[in-house]
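Chains as they are written, first to last, in our numbering: chain U, 73 to 288; chain C, 844 to 1199.
Think of the hints as simulated: they come from the structure by calculation, not from any bench.
Here the structure is a predicted model, which means the values were calculated and not measured.
Take these hints with a grain of salt, some might be off.
[Claimed, not checked] Every beta carbon over 12 Å from chain C, so not counted as near; a handful from chain U, in silico:
{"hint": "1", "residue": "Leu122"}
{"hint": "2", "residue": "Leu193"}
{"hint": "3", "residue": "Ala202"}
{"hint": "4", "residue": "Leu245"}
{"hint": "5", "residue": "Pro267"}
{"hint": "6", "residue": "Leu275"}
[What the hints assert, rightly or not] Pairwise CB distance ranges, derived in the manner of DEER restraints:
{"hint": "7", "chain 1": "U", "residue 1": "Asn112", "chain 2": "C", "residue 2": "Val1128", "range": "33 to 43 Å"}
{"hint": "8", "chain 1": "U", "residue 1": "Phe274", "chain 2": "C", "residue 2": "Lys877", "range": "27 to 37 Å"}
{"hint": "9", "chain 1": "C", "residue 1": "Val1128", "chain 2": "U", "residue 2": "Pro133", "range": "23 to 33 Å"}
All C-beta atoms, glycine included, are put in the ideal place defined by N, C-alpha and C.
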Amino acid sequence: MRPLLVIAILLVPASARAGHGGTLSWAFDAHAHWLRAWPNVRSEPASSYLRELPSREHSIPGGATFGGVQAIYGAVLDDRWVLPILGVGVATTVGRYGAAPTSVDGSIAQLHPWTGRYWTLLLPGFGLRAKDRRWMGQLVVRPGVAWLSLDGEIAVGGETVEMNASTKGLFFLRAEVEACRRFDPESRLCTFIAPSIWEHRFLGGAQVGLRWEMGP
Amino acid sequence: MRVCHAAIAAASFLLAGCGPSREDAPIDDVRVAKRRLSVIVEGCVVDPWQSATLRSPASRAVLAEVILLCPAFRADGLVTPIDPAARSEVHGTVAALRSLGYRVTLGLRANDERGVSLGGAEVARSLASAATRTKIIDGLLAVGASADGVELSLLFVAASARKDLAVFASELRSALGSTKQLGVFAPPSVSEPSDLPDGDAYDLRAMRDSVSRVRLMTLDFSCCGAPPGPTIDPGWAVDAARFARSMVLPEIDVAYPLYGWDFSSGAERPVTFFEARGIAAWRGVPIERGPTHAPHFRWTDTHGAAHDTWFDDATSTVRALEAWPRSVLPDDVGVVLYGLGAEDPALFPALQRAMR
């Protein structure tokens, strides 16, 4: 946690750190995350009693929906400018999926989209907000990197060996629109929608969710 | 923090995605690499069902060659059928198939008078005699005069016949002349010495000047006392093809089964697609897909014996061929489908769609 704090302090302008209209904030959310199309994943080398199986790239048809949580750390300047600093998130696929048939070096295999896990690192972004009594609206643009992993199986005759597949870091850029209602001077409940301008493709996905924010 | 972990775990449990472990994913959009496809008919003639299949536009679009497992030689070298009318019927069948556009080759077997395969030792004894080899070749040329080629498709050959089999292939090559092709059905070894019983009977390096195509019998993967399972593992077939190619061999085919196996109490029995589907319907048991997409089901017969029946259908076959793109099996590796008549009737139309 300490490195995060150091980064935050470095990123937040001096005026904010000094308390002249600048403060730090935390937010936690639960969200649904829709991906228009699965990114290609690469399976790890595997081994069976019959043969050695190399790494291989796989495509998965269709899109995916995830449910997950995020923790976001940021700062606000002059009660107007929003500087999201860092965030982390994890999500798992929700809903019902069919197995995705594939192969590894001639061996029949299948990926299990329902085991998908989506890890997110939110990078510093920029935005603005406006308040009216207990209500607040906010618009933020924020980049990030995500990693997807999922499980599968490779056929070895009538048996199987486990297959793990994942992506390299996937860059994304989200535009996030948020509407909040304050419950006390330091807490707000917000709803947000965050279409991805880029998420391994143009307009590649979106998030919607509820967020609990702690800050001014 | 413990509460947080518990909350995340509970949320994951409630929200987590789900899906069937294996399902009948449609194959309509599947594309497979175009490669040379042959089909094996077990016998000297084609029955009406096989004939109708071979006449269908889909079969004619995807199949290049028909291999009739005929004739057979006996231990003394006598090649059957010996009856002139029967031989004439073989010629007629070959001519009819050729008129449909197929290349037709005859697969030489070694059978006794009952039609049962000779044992490996008996075949080795026959091949060890120069006189018997000559008798076999003479008989084979008489039966196979109208065919485009000959295949050595011996079911059992003792490893001791390694040298004689190569000599026989060389002699047969000379006798066939330049217009007829000679092929060989070889065991799907993946190591040298062979990992298969009597696999070393086939000295493929010594035979490479005689034989123009090697058909690797990548079949019966789960046979011979192994636990019940699919008739082929596509990855194993790839390894066998790579190993054979590493010996600088001529063109290669891998075999794909059109039949299945019923496993019961250590005994195994081949089954056709319709027989398997019929048993499943009769016993009212669901058919599942195994890891290779091969359908299978467990059932109990009227004597209380437990069975596990595995077979192939259009889906499993197309999926296997999909797993063999050109990057895995080069274009010149063909596929020979074994056991015409035992297949899923949807197979050839499905292959035609997939090979578009």
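Verification of the supplied hints:
1. Leu122: Incorrect as stated: the minimum Cβ-Cβ distance to chain C is 6 Å, not above 12 Å.
2. Leu193: holds (18 Å)
3. Ala202: holds (32 Å)
4. Leu245: Holds, since 26 Å exceeds 12 Å.
5. Pro267: Check passes; 21 Å lies beyond 12 Å.
6. Leu275: holds (23 Å)
7. U/Asn112 <-> C/Val1128: 33 to 43 Å: 39 Å Cβ-Cβ, so the 33 to 43 Å window holds.
8. U/Phe274 <-> C/Lys877: 27 to 37 Å: holds (34 Å)
9. C/Val1128 <-> U/Pro133: 23 to 33 Å: holds (31 Å)
Checked against the numbered hints given earlier, this structure breaks only hint 1.
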